[in-house]
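S.K.: Sequence:
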Amino acid sequence: MCTRTPTPLLVPACVMRAAVATLALALTLAAGLAGAADNGAGAAAEAAARPASSASAMALPAPPPGTLLDGPALVPIPLGGGASVDSLEPATLGAVLRRAQGGALMAVAGEPLCSITVYKMRYATGGGRGEATDAGGVLMLPGGEDQRCMGPRPVLLYAHGTVLDRNFSMARLNGEARVVAAMFVAQGYIVVAPDYAGYGVSSLPYHPYLNADQQSGDMINALRAARAALPRLGARTSQKLFVTGYSQGGFVALATQRAMQERYGDEFQVTATAGLSGPYALLQMADDIFSGRPNVGITAYLPLLTTAGQKSGATLYTSPAELYEEPYADGIESVLPATQRMDDLIKQGKLPAGALFAGDTPPQGEGAATHFADSNLVRTSYRKAYLQDVAAHPCGTDPAQPLACHSANRLRQWLQKNDLRSYQPRSPLLLCGGQRDPVVPFANASAAHDYFAAHGVAPQLLDLEMAVPDAYQAIRAGFAQAVEHTRADAAAHDHDPHKAVLDNYHGRLVAQYCLMAAREFFKMSGR
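When you line the sequence shown up against mature numbering (1 follows the signal peptide of the UniProt record, and there is no 0), it's residues -36 to -1, 1 to 491, in that order.
Beta-carbon label-pair distances, calculated as ranges: (1) 490 <-> 421: 12 to 22 Å; (2) 357 <-> 420: 22 to 32 Å; (3) 26 <-> 459: 45 to 55 Å.
Cross-link-like lysine-lysine pairs, in silico, DSSO-like; alpha carbons within 30 Å at most: (4) 348 <-> 314; (5) 487 <-> 204; (6) 463 <-> 311; (7) 463 <-> 314; (8) 314 <-> 381.
Calculated from the structure, these hints are not laboratory results. Idealized CB from N, CA, C, for every residue including glycine.
All chains should be modelled from the sequences, with the hints used to inform the complete structure.
M.R.: Quick look at the structure:
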């Protein structure tokens, strides 16, 4: 569970780190894949290798976005005892999956067909204002003797969920990256996944969180760099291009589909897209939060969001003290992403533990008491002004035109600009999630579906909680069994079963089964 590192306001922070911890451990070999050692030493090494800015470097012409700057470089996969391998063989991975969660993970990921080899790269991209910068990314290649691992392979462009660690890199093949490798690379997909600008080896001093134009551009530039790198590795791609992502990455996946079809149609043809538990209806979600229904982890992710908007030129405030209470306002723009643990940031008084609003201020939604207390993050005066704008300029009254409103609040204007109910998909789209998600409410998927349907391009909408006869029946049944197993395991250990399900809901339960649904959707769409 992600109780010690708050899960995203709008997107899961540990994007699977809580729940996916099980899969991360599941992929630990007999001696254990040395994830912890890799995280420490790898993060320090990559931080030291991060390009430094200099006057002379800035004077040089910036390479075009998507230029491959470094790599591809092989990333050995660490094993226990200091050993490592260049490729993880399917037999090894399969043996571990059979032992994990009583074999449940094998049912989700499937019998591995291909070996997995990982390469890292660095490429040119843009920041929130369009400024030239760089970012790191990963290439995961399938291999082996099975025909489904050979020849031209489909490409999966993957967007990861929210992380707080400044030194995060998908190339370490732990946590979420490891899940994606087991789900897709081991089944014959080439995976291209950016770390995002502002993380890992990137020299950008902030992360353009949920900036739809920047984040989609980052994905596109990673794919451009991958197209330059793959021939050097002897890898061949088919004509099939799939786009997906989880939580924050679900938002990024849809933003990428929009950008590719509206601005880069001659360069990219998307076969299908799957948005998994993403905050697509960004303005609607924020209005709900300020109306007294905050999401889990919001005290970490609201600063990440507002800093991104401010650094991207939105001028959300003249000073952070307009929005944030004094104990936190000073230096809040440099807090996240962090090189420290969330627990340490709270102990140092840089962020509150959970209180978003003052304890005595209405409105307060049912079950939201933990978000209302002393030492709150957001100024009551700012919240009142926000709610006054909601009342004066309501949005979302018409599903076909949910953004046909004229807010005077600069934060709402920024959210409206990045709300993804603003295009019509021209290729197949799946929206997957769970009705009880406490991190990214399923209302995001429902609102996006209703908007697209009103424009005659209804996507497939998959609520893992709703039993209906369709192609995803087996996946829903597996999800229901996983929920019951979580409940029973908690009861057996004298823990609250309801709390156990909610703690694992976004990060593990929905994450695993929506990824499974995405893979099935891609199979059907790619025929």
